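Given the coordinates of chain A, work out where chain B should sit on it, guided by the hints.
Each chain, letter by letter, is given below.
Number of protein chains: 2
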Amino acid sequence: MSRVYNFSAGPAVLPEEVLKEAADEMMDYRGCGMSVMEMSHRSKVFDDIIKEAEADLRDLMQIPDNYKVLFLQGGASQQFAAIPMNLMKNRKAGYIVTGQWAKKAFAEAKIYGEAVELASSADKTFSYIPDCSDLDIPEDLDYVYICENNTIYGTKYKTLPNTKGHTLVADVSSCFLSEPVDVSKYGVIYGGVQKNIGPAGVVIVIIREDLIRDDVLPGTPTMLKYKTQADADSLYNTPPCYGIYICGKVFKWLKKMGGLSVMKERNEEKAKILYDFLDQSKLFKGTVRKEDRSLMNVPFVTGDADLDAKFVAEAKAAGFENLKGHRTVGGMRASIYNAMPKEGVEALVAFMKKFEEENA
Amino acid sequence: MSRVYNFSAGPAVLPEEVLKEAADEMMDYRGCGMSVMEMSHRSKVFDDIIKEAEADLRDLMQIPDNYKVLFLQGGASQQFAAIPMNLMKNRKAGYIVTGQWAKKAFAEAKIYGEAVELASSADKTFSYIPDCSDLDIPEDLDYVYICENNTIYGTKYKTLPNTKGHTLVADVSSCFLSEPVDVSKYGVIYGGVQKNIGPAGVVIVIIREDLIRDDVLPGTPTMLKYKTQADADSLYNTPPCYGIYICGKVFKWLKKMGGLSVMKERNEEKAKILYDFLDQSKLFKGTVRKEDRSLMNVPFVTGDADLDAKFVAEAKAAGFENLKGHRTVGGMRASIYNAMPKEGVEALVAFMKKFEEENA
Numbered sequence: 001m002s003r004v005y006n007f008s009a010g011p012a013v014l015p016e017e018v019l020k021e022a023a024d025e026m027m028d029y030r031g032c033g034m035s036v037m038e039m040s041h042r043s044k045v046f047d048d049i050i051k052e053a054e055a056d057l058r059d060l061m062q063i064p065d066n067y068k069v070l071f072l073q074g075g076a077s078q079q080f081a082a083i084p085m086n087l088m089k090n091r092k093a094g095y096i097v098t099g100q101w102a103k104k105a106f107a108e109a110k111i112y113g114e115a116v117e118l119a120s121s122a123d124k125t126f127s128y129i130p131d132c133s134d135l136d137i138p139e140d141l142d143y144v145y146i147c148e149n150n151t152i153y154g155t156k157y158k159t160l161p162n163t164k165g166h167t168l169v170a171d172v173s174s175c176f177l178s179e180p181v182d183v184s185k186y187g188v189i190y191g192g193v194q195k196n197i198g199p200a201g202v203v204i205v206i207i208r209e210d211l212i213r214d215d216v217l218p219g220t221p222t223m224l225k226y227k228t229q230a231d232a233d234s235l236y237n238t239p240p241c242y243g244i245y246i247c248g249k250v251f252k253w254l255k256k257m258g259g260l261s262v263m264k265e266r267n268e269e270k271a272k273i274l275y276d277f278l279d280q281s282k283l284f285k286g287t288v289r290k291e292d293r294s295l296m297n298v299p300f301v302t303g304d305a306d307l308d309a310k311f312v313a314e315a316k317a318a319g320f321e322n323l324k325g326h327r328t329v330g331g332m333r334a335s336i337y338n339a340m341p342k343e344g345v346e347a348l349v350a351f352m353k354k355f356e357e358e359n360a
Numbered sequence: 361m362s363r364v365y366n367f368s369a370g371p372a373v374l375p376e377e378v379l380k381e382a383a384d385e386m387m388d389y390r391g392c393g394m395s396v397m398e399m400s401h402r403s404k405v406f407d408d409i410i411k412e413a414e415a416d417l418r419d420l421m422q423i424p425d426n427y428k429v430l431f432l433q434g435g436a437s438q439q440f441a442a443i444p445m446n447l448m449k450n451r452k453a454g455y456i457v458t459g460q461w462a463k464k465a466f467a468e469a470k471i472y473g474e475a476v477e478l479a480s481s482a483d484k485t486f487s488y489i490p491d492c493s494d495l496d497i498p499e500d501l502d503y504v505y506i507c508e509n510n511t512i513y514g515t516k517y518k519t520l521p522n523t524k525g526h527t528l529v530a531d532v533s534s535c536f537l538s539e540p541v542d543v544s545k546y547g548v549i550y551g552g553v554q555k556n557i558g559p560a561g562v563v564i565v566i567i568r569e570d571l572i573r574d575d576v577l578p579g580t581p582t583m584l585k586y587k588t589q590a591d592a593d594s595l596y597n598t599p600p601c602y603g604i605y606i607c608g609k610v611f612k613w614l615k616k617m618g619g620l621s622v623m624k625e626r627n628e629e630k631a632k633i634l635y636d637f638l639d640q641s642k643l644f645k646g647t648v649r650k651e652d653r654s655l656m657n658v659p660f661v662t663g664d665a666d667l668d669a670k671f672v673a674e675a676k677a678a679g680f681e682n683l684k685g686h687r688t689v690g691g692m693r694a695s696i697y698n699a700m701p702k703e704g705v706e707a708l709v710a711f712m713k714k715f716e717e718e719n720a
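Heads up: the protein sequence lines correspond to chains A and B, in order. Per the numbering used here, residue 1 is the first one in the first sequence, and the count goes up by one each step. Per the numbering used here, residue 361 is the first one in the second sequence, and the count goes up by one each step.
With the rest of the complex left out, here is chain A (with noise of 0.2 Å):
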C-alpha cells in the first residue's frame, strides 16, 4: 500500500486512521456480525451510529438547542432547489454571487420565485469576495444566499454579510468544519460531505427550527421538506448509512484532534507555508486577492498554460494528485482540507520550488 499526497477538491482526502478503521470493521462491526452497509437503519447499533455522529457534530460547531441537523441526499446541488422550496414564504430571496456554485443556487431560485442578486464578484473573474457590510437589501426578502468558500476560486469570506436581519442561508461545503463558526448567526448552514468530512452522498443541514414548516411551496416533494426529515430524525426512508458513519468517525478524529480551534490553526499554518511560498516565487502566482484567501482551496498559476499543464503532469509523477485546477479557471489548485497533513503541504511547496529552479 502506498498513499499519494491527494489535493482533490472533492471527493477528496480523509484521515489514514478513520479509513483504517473502516477496513477493519467491514466484515463484522465491532462484535454486531454484519457490516455497516448490511445493517437495518431501524436497528439499535445503527441508532447508535446516527445519534453518536449527530452529538458529536453538535459538539464540535456547539449548535445551539433549537437548530436541527439533518442527514440528507442529492447533494448541495439538490439543497439549491430544497431551500427555496421551503424558505420561500414571501417568494423573494436575495443572492450573493461569488462563484459558479452560488451561481447555481441563484439560478435555481428563480424556478420558485424572484431571487434579486444583491452583490457579484463576477466582474473579477470571482477572485473576491465583495463588499458586503451595506448592502441594498429589499425588506421582504425570506433570506439572503452565500456561498461561504468558494471551491473553484479560492474565495472565503471573512466576515458575514450584514443581511440587515434577514436569515442567513450558507452552503459550507468546501469549509465545514474546517474552523469555529457561531451557528446562530445563520439560519440554515449546509454543505455536502465529499470534501471535509466524509464520501459522497451525504449533505449535512443544520437548520434553525422556526425554518421549518408545513407551509412549503406547493409542489415540494414530501423527501425535500424539512419537516419531513426533522420530524423523521433524518430516517423518513432509508440514509445513506455507510457515508453517516464515517462522518462520524471524521467527528471522532476531530474531537481527538482538539476540535474546531485547533484545526483553524493547523489550516492556518498549512495554508501560509502555500501562499508564503506563492507570494514570493517568480513563477507561481495565487489568483486571489489577499484578504479573501481560502484556508482550504488555493488555486495558482503560472501564467503559461502549457507549463501549467507541464507542472501538472510532472506533479502527478511525484505524487502529487489531482492539482490541475477546476476546467473553467485552468492553472491549478491545492485544496487541503482538514485531513491533509502539514507534510504534504510541505512537500507540495519543495517540489514547486525544485520546478521553479528547473524551469526558470
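Don't read these hints as lab results, they were simulated from the structure. You may find that some hints are simply not true.
Computed cross-link-like contacts, EDC-like style, restricted to lysine to aspartate or glutamate with a CA-CA straight-line distance of at most 16 Å [said to hold, decoys possible]:
{"no.": "1", "chain 1": "A", "residue 1": "LYS353", "chain 2": "A", "residue 2": "ASP233"}
{"no.": "2", "chain 1": "A", "residue 1": "LYS310", "chain 2": "A", "residue 2": "GLU357"}
{"no.": "3", "chain 1": "A", "residue 1": "LYS310", "chain 2": "A", "residue 2": "GLU356"}
{"no.": "4", "chain 1": "B", "residue 1": "LYS642", "chain 2": "B", "residue 2": "GLU716"}
{"no.": "5", "chain 1": "A", "residue 1": "LYS20", "chain 2": "B", "residue 2": "ASP384"}
{"no.": "6", "chain 1": "B", "residue 1": "LYS615", "chain 2": "B", "residue 2": "ASP416"}
{"no.": "7", "chain 1": "B", "residue 1": "LYS380", "chain 2": "A", "residue 2": "ASP182"}
{"no.": "8", "chain 1": "B", "residue 1": "LYS632", "chain 2": "B", "residue 2": "GLU706"}
{"no.": "9", "chain 1": "A", "residue 1": "LYS20", "chain 2": "B", "residue 2": "ASP388"}
{"no.": "10", "chain 1": "B", "residue 1": "LYS449", "chain 2": "B", "residue 2": "ASP593"}
{"no.": "11", "chain 1": "B", "residue 1": "LYS545", "chain 2": "B", "residue 2": "ASP575"}
{"no.": "12", "chain 1": "A", "residue 1": "LYS264", "chain 2": "A", "residue 2": "ASP182"}
{"no.": "13", "chain 1": "B", "residue 1": "LYS518", "chain 2": "B", "residue 2": "GLU539"}
{"no.": "14", "chain 1": "B", "residue 1": "LYS585", "chain 2": "B", "residue 2": "ASP575"}
{"no.": "15", "chain 1": "A", "residue 1": "LYS20", "chain 2": "B", "residue 2": "GLU385"}
{"no.": "16", "chain 1": "A", "residue 1": "LYS20", "chain 2": "B", "residue 2": "GLU625"}
{"no.": "17", "chain 1": "A", "residue 1": "LYS89", "chain 2": "A", "residue 2": "ASP215"}
{"no.": "18", "chain 1": "B", "residue 1": "LYS616", "chain 2": "B", "residue 2": "GLU412"}
{"no.": "19", "chain 1": "B", "residue 1": "LYS380", "chain 2": "A", "residue 2": "ASP24"}
{"no.": "20", "chain 1": "A", "residue 1": "LYS158", "chain 2": "A", "residue 2": "ASP131"}
{"no.": "21", "chain 1": "B", "residue 1": "LYS380", "chain 2": "A", "residue 2": "GLU21"}
{"no.": "22", "chain 1": "A", "residue 1": "LYS225", "chain 2": "A", "residue 2": "ASP215"}
{"no.": "23", "chain 1": "B", "residue 1": "LYS380", "chain 2": "A", "residue 2": "ASP28"}
{"no.": "24", "chain 1": "A", "residue 1": "LYS124", "chain 2": "A", "residue 2": "ASP292"}
All values reported here derive from a predicted model rather than from experimental measurement.
Using the frame of chain A, we list chain B on its own:
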C-alpha cells in the same frame, strides 16, 4: 470475526467476498494511492468504475440500447415524486396498490395530478396480488405504476399487469436482479439498491429514452429531472461514488455466479426450503396467497404474538438476525436476498423445527 445470518429486509446482507475486496482496497484502490471515497468523481479511475458498473448491469439485465441507466440518490421515496414530475404529461396516472410503498407512491403522485387507483389488495392486508389481466384503464393515463415485489407483505407479481398499451413504471427495490426480466416491457424500472445490490444511498433508474423529456412539470428541481441526470451520465453533481463502486462489485459477483437465470434457480431453491417447511408446519404458517409468494421476503406467523416474540428473541440469540416482521404486520419475516446463502435458509429451517418441537 464472526458473521451472523442476517435476514434484514434492507439494508441487507451483501456477498462476503465483495466486502472483503472493499476492505482490502480501502486505503489504496488498485495502486492509485487513495480510497474510492477520496477520489474525484471526474477522475479517470472513477470514470472506469461507474462505466464498468453500468456495462455489467446492462449485460446482466440485457438492457436494450434505447434505455438509459441512471445512478441517483434519495431512494425510492424520492422517485415517488420524480416519476410524476417527469412523466405526468397529462397529469393523470394509474396506481396498483399492493402495499405500503405503492400506497406512498400513490399518495405522492396526487401532489402532481390525478392519481387513479386501478386495483388494490388492501382488503386482505395486502396478502395477495390482484388480478391485473383486464383492468379498467382510462385512455389518457400517462403511466401505470406498480411495486413489483412487496417487501413488507412478501408478495410478488408473477405476471406483469396488462397496461393496455400504457407505459409501465415499476419499483423493483426488493427483487432487483433476483431473476431475469424483460426490460422492454417497462418504461421505467427503478429501485433502491440497499436490499439486493449495495449500500443505502444509491437508487438505480432504468428508463426508456423517449420518456426523458425537457418539458417536465413546472417547479421540478433540476436534480430531479431525468434529463439533467441522463445528459450528464449521472455526473451532474457528485454522485454517491462509494455506493456505486460497491454495486459494481456486486454486479461482477452476480456475473461470476452465472447471471440472473442462475440466481433465479438459486432463489427458487432457497425459497422452496422455507415455504415447504411452512406448508407442513403445525406451528408456523405463511401469510401470503401461494401463487403470489415472493422469492425474496417470506413473512410468517405462529398466530400468537407472545410466541412470535419468543421465537425472534431465541433466533437472535442463535445468530439469526432481523427476523422480526415489519411493525405494520407483526410476526416474522425472513428476507432471503441473492447474498443469503442456502446454508443460511437451511439453518433457519432447522432452528424453526427445533423451536416447533420445543413449543408444541
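Each hint tested on the structure:
With a C-alpha separation of about 50 Å, the suggested pair LYS353 of chain A and ASP233 of chain A falls outside the 16 Å cut-off, and the hint is violated. In summary, the hint linking LYS310 of chain A to GLU357 of chain A is supported, as the alpha carbons are separated by about 14 Å, within the 16 Å threshold. Between the alpha carbons of LYS310 of chain A and GLU356 of chain A the distance comes to roughly 12 Å, so the proposed pair stays at or under 16 Å and holds. Restraint check for LYS642 of chain B and GLU716 of chain B: satisfied, since their Cα atoms lie roughly 8 Å apart, inside the 16 Å limit.
Taking the CA atoms of LYS20 of chain A and ASP384 of chain B, the gap is near 10 Å; set against the 16 Å cutoff, the hint holds. Proposed proximity of LYS615 of chain B and ASP416 of chain B is supported: the alpha carbons are some 8 Å apart, at most 16 Å. For the suggested pair LYS380 of chain B and ASP182 of chain A, the alpha carbons sit about 42 Å apart, so the restraint of at most 16 Å is broken. Distance hint between LYS632 of chain B and GLU706 of chain B is fulfilled; the C-alpha atoms sit about 11 Å from each other, no more than 16 Å.
In summary, the hint linking LYS20 of chain A to ASP388 of chain B is supported, as the alpha carbons are separated by about 11 Å, within the 16 Å threshold. In summary, the hint linking LYS449 of chain B to ASP593 of chain B is not supported, as the alpha carbons are separated by about 24 Å, beyond the 16 Å threshold. With a C-alpha separation of about 24 Å, the suggested pairing of LYS545 of chain B with ASP575 of chain B is violated against the 16 Å cut-off. Simply put, LYS264 of chain A and ASP182 of chain A have alpha-carbon atoms about 14 Å apart, close enough for the 16 Å limit, and the pair holds.
For a cut-off of 16 Å, the pair hint linking LYS518 of chain B to GLU539 of chain B stands: about 11 Å separates their Cα positions. Distance check on the hinted pair: LYS585 of chain B and ASP575 of chain B sit about 10 Å apart at the alpha-carbon level, within 16 Å; holds. In summary, the hint linking LYS20 of chain A to GLU385 of chain B is supported, as the alpha carbons are separated by about 11 Å, within the 16 Å threshold. With a C-alpha separation of about 38 Å, the suggested pairing of LYS20 of chain A with GLU625 of chain B is violated against the 16 Å cut-off.
A threshold of 16 Å between alpha carbons decides the hint, and for LYS89 of chain A with ASP215 of chain A the separation of about 8 Å falls inside it, so the pair holds. Restraint check for LYS616 of chain B and GLU412 of chain B: satisfied, since their Cα atoms lie roughly 15 Å apart, inside the 16 Å limit. Our distance criterion of 16 Å between C-alpha atoms is met by LYS380 of chain B and ASP24 of chain A, whose separation comes to about 10 Å. The suggested pairing of LYS158 of chain A with ASP131 of chain A holds, with an alpha-carbon distance near 11 Å, which does not exceed 16 Å.
For the suggested pair LYS380 of chain B and GLU21 of chain A, the alpha carbons sit about 14 Å apart, so the restraint of at most 16 Å is met. Restraint check: the Cα-Cα separation between LYS225 of chain A and ASP215 of chain A comes to about 10 Å, which is no more than 16 Å; the hinted pair holds. Between LYS380 of chain B and ASP28 of chain A, the direct Cα distance comes to roughly 11 Å. Compliance with the 16 Å bound is thereby established for this hinted pair. For the given pair, LYS124 of chain A sits about 13 Å from ASP292 of chain A by alpha-carbon distance, which is consistent with the 16 Å threshold.
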